[in-house]
Amino acid sequence: MTEHIEILAWSGCPSHDEARERLTALLRDLGRPDVEVRLRWIETEAEAREVGFVGSPTFRWHGQDLLPPDPGTPVGLACRVYRRRDGRPSPLPDPEDLRDAVRRALGV
Amino acid sequence: MGYQVGDKVAPFTLPRVNGGEVTVDPASAAATVVVFTANHCPYALAWHERIQQVARDYADRDVHVVQINPNNEVTHPADSTAASAERVAAGHFAGPYLRDEPQELTRTFGAEKTPDVFIIDRTGTLVYRGAPDADYEDESQRASYIRDALDAVLAGRPVTRSYTPPRGCSIKWRTAESTA
Numbered sequence: 113m114t115e116h117i118e119i120l121a122w123s124g125c126p127s128h129d130e131a132r133e134r135l136t137a138l139l140r141d142l143g144r145p146d147v148e149v150r151l152r153w154i155e156t157e158a159e160a161r162e163v164g165f166v167g168s169p170t171f172r173w174h175g176q177d178l179l180p181p182d183p184g185t186p187v188g189l190a191c192r193v194y195r196r197r198d199g200r201p202s203p204l205p206d207p208e209d210l211r212d213a214v215r216r217a218l219g220v
Numbered sequence: 037m038g039y040q041v042g043d044k045v046a047p048f049t050l051p052r053v054n055g056g057e058v059t060v061d062p063a064s065a066a067a068t069v070v071v072f073t074a075n076h077c078p079y080a081l082a083w084h085e086r087i088q089q090v091a092r093d094y095a096d097r098d099v100h101v102v103q104i105n106p107n108n109e110v111t112h113p114a115d116s117t118a119a120s121a122e123r124v125a126a127g128h129f130a131g132p133y134l135r136d137e138p139q140e141l142t143r144t145f146g147a148e149k150t151p152d153v154f155i156i157d158r159t160g161t162l163v164y165r166g167a168p169d170a171d172y173e174d175e176s177q178r179a180s181y182i183r184d185a186l187d188a189v190l191a192g193r194p195v196t197r198s199y200t201p202p203r204g205c206s207i208k209w210r211t212a213e214s215t216a
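Chains A and B, in that order, give the protein sequences. In terms of my numbering, the first sequence has 139 at position 27, counting the first letter as 1, and numbering is strictly consecutive. In terms of my numbering, the second sequence has 90 at position 54, counting the first letter as 1, and numbering is strictly consecutive.
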């Protein structure tokens with residue numbers, strides 16, 4: 113079975129394309145282009161509750177959030193707020209945080 | 037449909053998130069910047085400081101900047117009036133922060149995203165609508181689309197870039213379910 117990283121995304125937030133592009137480029141850069149990037153749409157509050165969706169995009173590896181949210185982050189249809197390493201809010205994770213998380217997950 | 041560039045924008049009155057009301061009349065300033073924004077949206081947050089800096093930089097040039105939170109607080113409690121007032125109390129805003137709970141003004145404007153920027157000249161004409169600048173991640177952009185439009189209005193020149201696609205989170209509209 114092909115290994116994959118799942119991006120949970122909601123169409124109300126425009127960051128999913130950029131998230132997929134960055135993750136794909138990162139996997140190529142890490143020498144793991146064989147790992148698939150799969151987009152999974154979350155479009156209802158019921159689905160969000162079911163999977164514990166805290167915002168778009170959320171990156172998951174074997175069902176675990178690669179960048180776990182702060183405790184108490186509400187579940188629901190929203191754009192996820194990440195923090196860059198310099199503290200600025202952003203719709204996407206800091207590239208270095210994503211790189212570190214993917215490297216840890218894949219063991220590379 | 038909402039306002040298109042070139043349309044006349046009517047004066048409006050909305051409550052401040054921290055009490056009282058504000059009437060926004062484009063005739064009372066050389067230019068009025070209306071920004072639909074949100075507390076929970078990472079795009080609005082990423083551009084937030086740049087927009088506050090515009091408000092500060094142009095305050096003595098007869099430019100008014102008002103920011104409006106239009107979101108449904110039932111589905112997005114982070115955008116409630118109370119949560120918005122906390123941000124004002126914390127000094128996060130360089131101008132009035134208004135609330136459009138009924139979302140009627142937001143529909144009149146045709147705002148779609150947070151942030152969504154509308155710039156109106158003294159005659160009430162909409163001269164710019166769209167994003168603050170080209171890249172939410174790049175602080176050096178300094179909300180250049182807004183600044184370019186304001187500089188043109190203040191110099192009596194036409195605004196050359198009068199529309200850019202707004203980029204950000206969708207407006208969280210009220211639904212029968214969420215307001216029941």
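Do not take every clue at face value.
[To be verified] To spell it out: a stretch of chain A is covered by chain B in this simulated footprint if at least three of its residues, at any positions, have a beta carbon under 8 Å from a beta carbon of chain B; those stretches are:
#1 123-136
#2 188-201
[Said to hold, decoys possible] To be clear about the criterion: a stretch of chain B counts as covered by chain A if any three or more of its residues have a C-beta under 8 Å from a C-beta of chain A, and this derived list gives those stretches:
#3 66-78
#4 86-96
In case anyone wonders, no lab produced these hints; they're calculated from the structure. By construction, the Cβ of each residue, glycine as well, lies at the ideal position given by its N, Cα and C atoms.
Okay, the hints, checked on the actual structure:
With 4 residues having a Cβ less than 8 Å from any Cβ of chain B, the segment 123-136 of chain A passes the three-residue criterion, so the hint holds. Coverage of the segment 188-201 of chain A by chain B holds [criterion: at least 3 residues with CB-CB distance below 8 Å; count 9]. Given a C-beta distance limit of less than 8 Å, the hint that chain A covers the segment 66-78 of chain B holds, as 3 residues qualify and 3 suffice. Three residues within the 8 Å Cβ limit are the bar, and the segment 86-96 of chain B against chain A gives 0, so the coverage statement is violated.
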